[in-house]
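Residues per chain, in single letters:
There are 4 protein chains.
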Amino acid sequence: MLMSDQLRVAIVGGTGYTGAELLRLLASHPQADVVAVTSRQEAGRPVAGVFPNLRGHYALSFVEPDMATLAEQADVVFFATPHGAAMDGVADLLRRDVRVIDLSADFRLRNVQVWEQWYGQPHTAKEFVAQAVYGLPELNRGAMADARLIACPGCYPTAVELALMPLLRAGCAQTKGIVADCKSGVSGGGRQTKLGMLFCETADSIAPYASAGHRHQPEIDQILSDMAGSPVDCLFQPHLVPQIRGIEASIYAPLLDSAIDLQSLYEQAYQDEPFVDVMPAGSHPQTRSVRGSNMARIAVARRGDTAVVYCVIDNLARGSSAQAIQGMNIMFGLDQALGLNAPALLP
Amino acid sequence: MLMSDQLRVAIVGGTGYTGAELLRLLASHPQADVVAVTSRQEAGRPVAGVFPNLRGHYALSFVEPDMATLAEQADVVFFATPHGAAMDGVADLLRRDVRVIDLSADFRLRNVQVWEQWYGQPHTAKEFVAQAVYGLPELNRGAMADARLIACPGCYPTAVELALMPLLRAGCAQTKGIVADCKSGVSGGGRQTKLGMLFCETADSIAPYASAGHRHQPEIDQILSDMAGSPVDCLFQPHLVPQIRGIEASIYAPLLDSAIDLQSLYEQAYQDEPFVDVMPAGSHPQTRSVRGSNMARIAVARRGDTAVVYCVIDNLARGSSAQAIQGMNIMFGLDQALGLNAPALLP
Amino acid sequence: MLMSDQLRVAIVGGTGYTGAELLRLLASHPQADVVAVTSRQEAGRPVAGVFPNLRGHYALSFVEPDMATLAEQADVVFFATPHGAAMDGVADLLRRDVRVIDLSADFRLRNVQVWEQWYGQPHTAKEFVAQAVYGLPELNRGAMADARLIACPGCYPTAVELALMPLLRAGCAQTKGIVADCKSGVSGGGRQTKLGMLFCETADSIAPYASAGHRHQPEIDQILSDMAGSPVDCLFQPHLVPQIRGIEASIYAPLLDSAIDLQSLYEQAYQDEPFVDVMPAGSHPQTRSVRGSNMARIAVARRGDTAVVYCVIDNLARGSSAQAIQGMNIMFGLDQALGLNAPALLP
Amino acid sequence: MLMSDQLRVAIVGGTGYTGAELLRLLASHPQADVVAVTSRQEAGRPVAGVFPNLRGHYALSFVEPDMATLAEQADVVFFATPHGAAMDGVADLLRRDVRVIDLSADFRLRNVQVWEQWYGQPHTAKEFVAQAVYGLPELNRGAMADARLIACPGCYPTAVELALMPLLRAGCAQTKGIVADCKSGVSGGGRQTKLGMLFCETADSIAPYASAGHRHQPEIDQILSDMAGSPVDCLFQPHLVPQIRGIEASIYAPLLDSAIDLQSLYEQAYQDEPFVDVMPAGSHPQTRSVRGSNMARIAVARRGDTAVVYCVIDNLARGSSAQAIQGMNIMFGLDQALGLNAPALLP
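Residue numbers (the numbering used here), protein chains in the order written: chain A, 1 to 347; chain B, 1001 to 1347; chain C, 2001 to 2347; chain D, 3001 to 3347.
If you're looking for bench data, these hints aren't it; they were derived computationally from the structure. Fair warning: there could be bad hints in the mix.
Residues from chain B that face chain D, not an exhaustive set, calculated with beta carbons under 10 Å [said to hold, decoys possible]:
#1 His1123
#2 Gly1185
#3 Val1186
#4 Gly1189
#5 Gly1190
#6 Leu1198
#7 Glu1201
#8 Asp1204
#9 Arg1215
#10 Pro1242
#11 Ile1244
#12 Arg1245
#13 Leu1265
Label-pair distances were calculated between CB atoms; the ranges are [said to hold, decoys possible]:
#14 B:Gly1190 <-> D:Gly3120: 54 to 62 Å
#15 D:Asp3092 <-> C:Ser2258: 39 to 47 Å
#16 A:Gly49 <-> B:Pro1122: 23 to 31 Å
#17 B:Pro1046 <-> A:Gln6: 31 to 39 Å
#18 D:Arg3045 <-> B:Leu1256: 45 to 53 Å
#19 D:Val3112 <-> A:Asp261: 34 to 42 Å
#20 B:Pro1046 <-> A:Thr124: 46 to 54 Å
#21 D:Gly3049 <-> C:Ser2264: 18 to 26 Å
Beta carbons: idealized from backbone N, C-alpha and C, even for Gly.
Required output: the full structure, derived from the provided sequences and hints.
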């Protein structure tokens, strides 16, 4: 691709919240144009009819997903689908030399058996798992630049992994006994008509869920272990909080070296990262400070022999669509921050 | 000013929500730079320490408000202050040939006596009232281009006036018996530590207020009468709803001519306006569709002999800071939409 | 029924919010016992498994709806069903001398043709329409005491009718040009898995709906005309606000007699009513002040020649289930306030 | 006191949320009458003028706090004050044989030095600390029955202590390495005009706070250590969530004995407790299931060698005022559940 060209982008599965977020963000991207958005259910309907915030920004209507057509139209295809869809489309696209950025879970786990166990279905594109690059820029920027297929991290894993990376890489936390207590806004549950996602079932209430284990657990296990260089045992517990966007992760990690200067460790680890903000000592990050933004904000404190790391992200932005666009920027040699620089919406 | 230069912008009163919104929006404006932000209370503190969403976007700290200094630094000064502050600073600034955009109420009313009655204090800059241009672009774009002082409309008046302008200009509504039932998110009350603005006093509840009359009433009266060419009597009733941003105005106007095609009337009236969206017949605008955006969305329906007009805006954006930036763009001969094109944040 | 006996209550359709509210309130009723709760979908499941707030209060499980069985078990049957269900069960129950209290719309309209037009289906129990008593206690207490079938008012009509009754009965408002701008919490939409009821589709946003007319319009028309003794034309416009419970109605009524003392009129009209609170002049009722309660709070103001009446109710309590229990109390000769005296939950 | 008499209750500091909650709950208590409510700031104003939900329930006005007068009027005085007030009034009251129930922190800690350190002021009633009984019924019911002074538990400690009591008493958890990640609605911050409690500063956002330690930490330490019979180290981390009421505590406790049947342990521990609900295995308690209620709901899960205990309470009810009323009931030999049996408000 020539840098002077506009990137042609297609989105498969554009009626969910991550699709909507891709469309919102790409409307302001100076070097990318959305050329097609698919939806089986809404095919033929204007995109702006489903998402009224996009009126005036897109003239497109949803189309039926057809990989051959998309391959002709687009340089890169985002899958903003539930798990199970990307793995059916990836072969067609990669064969035709179209890049793929998968926001779903299909290519996040290297171990296909573990994937099949947690997702309860056969994996239909096993041969592509090895070439998928896990799209956490702070971890994999180099590989992402060369990738043809990026597997975007889950929303919770993004927060947990960014929070723990400096500690695990420095080898100063125990690899057992870590607790990641995470809280997510309701948009994490997707744009699905489930009883538990109704306003009257979620407003003015907080609750844990997935006490028996969540699908993001094996992803967290895999990446944290990569970071530490040995198996990491991190108890991940999600909660639903009555807000639209935002994940807050409070992570409790027993320290091996209680003399370590945590603040410096974190500041140095992320000093060159445009989308990780290590806040001053004593800070308490709020999810509203990242609403709509690709920024992750982190604060770190010590309580006795335990490091407490707080990380806030916007689950739809940094936890999914904005990070995916950062991945696209990296993949195509653009400035990684292109289209992602607007401050968060506060209040 | 040469078009190739960056506009130098100062903000007086930068710790309220309209100040925060100016800072958020101007961070993405390609031809304006914020050079100073004042606050008596927070002088010396980094702007990004008060508004954590701005971390990484501004290195500025708040400074004491000093008009002489601002006049040297800036081409244009925004007043994001409570009423009563802009009128004390405007003379100094205009004399030094700095343009002023006042987001407060000081220069909205042509009749100074009416102003003094509603605001309960003497007006200290009466001589500037006549030259102030009311900054509703759809009404006054020409005059705004020549203005040295723009008086930005109030949040409620913006919604009510945009909703009624086509009807009043066409002369097809009665000028008596109009009702404007308006609902606003809590940010309309400002960033003030008042009991009635606490989360626990406002969440999960709706209530009317100002049953004896609201300060936006005389502003609405003045502008609607201008539009109609004769006195208009519009009963304006505000309500507080449990959300951060957003105004919805439902306006009930008895029709003189019940054969008029309301949909066409509105579509034609606003066909060239980038920031008014006349939605298809049968639409129900939602405030979330304009969250963070300068867009006003309007739908119109007929019920018997009454026109029902619905208008949604973001009270901090179109109802204040974004509209003020549109005013700045117009005033300085820039593309009026510069820096204001990002879609609303949804969900 | 002997006053010393416990009333045996059955609820048809217990999995919606009005069913849940009946169960919640009846748990504290000293003279009523719930003996059966039906649900086709949840038959066999414990009631407290669906509504966790009821754990420890009910040992009952949902059963299939069977009118013959219910008639044996219960003295009175509440229908907390969507429209169309009560009319199929009422004949069986009344024939067996069981009283019926219908929270749905089936028997609210005297004109069956109008009913069929708005509800889009044939009415299957036309012969019972005439004997149904509209269950607004302030209007119909006497007839309710003798009723065998009570048709409970809709949530919006309850608020609008209570707000306008004194004015219309006194004949001091015009019967044309009244506007009722109403706002409802999301629970008014029921416990249904509809996209528009999701947290992420409703939170932090307000919107009008039903611009072409709402099913509560003919009910409002009928009752207001009864009150005035002549046809009343009231433009009713509902809005959805981001809160769980609560309706606020702001009503604008052009006055015939502008000398009338509105405050006295309302205070006298409701002086003996335990569940209407006429607030002091200048008050602004908040929905949170009636959360979970049968109380309606009303304030009245004058703006020129227009009376502005504000009325707040809890849509699930006064707008449905609590008012239905008040109806039961009246029907069975109990103290009408029995089980309904707990203050609203605030904050 | 004779059981047939009504208890005469006074409330010191009735304008906060715990005062409002006492008033709400006591309005339905069959054997207690509120005879006086004090407030320095609102003296002379009707109670129902401050809390509109209480209109029609109380004719009282706030009075200046005067211990001698209260001692004549009341059998028991509740302090619903910030810390520092109860310790100044208790001597006067106890000397006159009036019982005291302190909802504040003044008498929670046995170690006065620790108290003075955390609260930053001298303790002025040290001689009463020893006789204060910590008012957690499940722990101290016997002593509460004989108490003259009850120190009600803090809101967070109530949740954490109930969650851990069975485990610590059974000796099957490690006493080091426990993490209590707690989330509270905004009402936990009180009815104070602080910037951080504004709707627009808290809505649609979650954040940790008190990373350097919270005043509830020493209370938790003290009581957990009592339960275990040896020092317990529990890292307590609070978070603010955008809802009015409710605390959710997720507690991670490393197990000593991984063969223990946690579900049975909890069910047996609380089988006779009317206000602890051990939910079925696999449950996820929601705060809305206890809104307005004295009930604590607990679920327990095992993740590897860690017990995960979830506990939800209403911070104003079980976390303060309702538990205080249960304490009063116990103290005066009444049925402990009197006035506390209404189900939670859901939805």
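We went through each hint and held it up to the structure:
1. His1123: violated (30 Å)
2. Gly1185: This interface hint holds because 8 Å falls under the 10 Å limit.
3. Val1186: holds (4 Å)
4. Gly1189: Given a least distance of 8 Å, the restraint on Gly1189 of chain B holds.
5. Gly1190: holds (9 Å)
6. Leu1198: holds (5 Å)
7. Glu1201: holds (8 Å)
8. Asp1204: holds (6 Å)
9. Arg1215: violated (20 Å)
10. Pro1242: Holds. Min distance 7 Å.
11. Ile1244: At 5 Å from the nearest chain D Cβ, Ile1244 of chain B passes the 10 Å test, so the hint holds.
12. Arg1245: Given a least distance of 9 Å, the restraint on Arg1245 of chain B holds.
13. Leu1265: violated (37 Å)
14. B:Gly1190 <-> D:Gly3120: 54 to 62 Å: The hinted range 54 to 62 Å is violated for Gly1190 of chain B and Gly3120 of chain D, with Cβ atoms some 32 Å apart.
15. D:Asp3092 <-> C:Ser2258: 39 to 47 Å: Cβ of Asp3092 of chain D to Cβ of Ser2258 of chain C: about 58 Å, so the range 39 to 47 Å is violated.
16. A:Gly49 <-> B:Pro1122: 23 to 31 Å: violated (53 Å)
17. B:Pro1046 <-> A:Gln6: 31 to 39 Å: holds (38 Å)
18. D:Arg3045 <-> B:Leu1256: 45 to 53 Å: For Arg3045 of chain D and Leu1256 of chain B the Cβ distance comes to about 50 Å; the hint holds.
19. D:Val3112 <-> A:Asp261: 34 to 42 Å: Holds - the Cβ-Cβ distance for Val3112 of chain D and Asp261 of chain A, about 36 Å, lies within 34 to 42 Å.
20. B:Pro1046 <-> A:Thr124: 46 to 54 Å: About 52 Å separates the Cβ atoms of Pro1046 of chain B and Thr124 of chain A, which means 46 to 54 Å holds.
21. D:Gly3049 <-> C:Ser2264: 18 to 26 Å: holds (21 Å)
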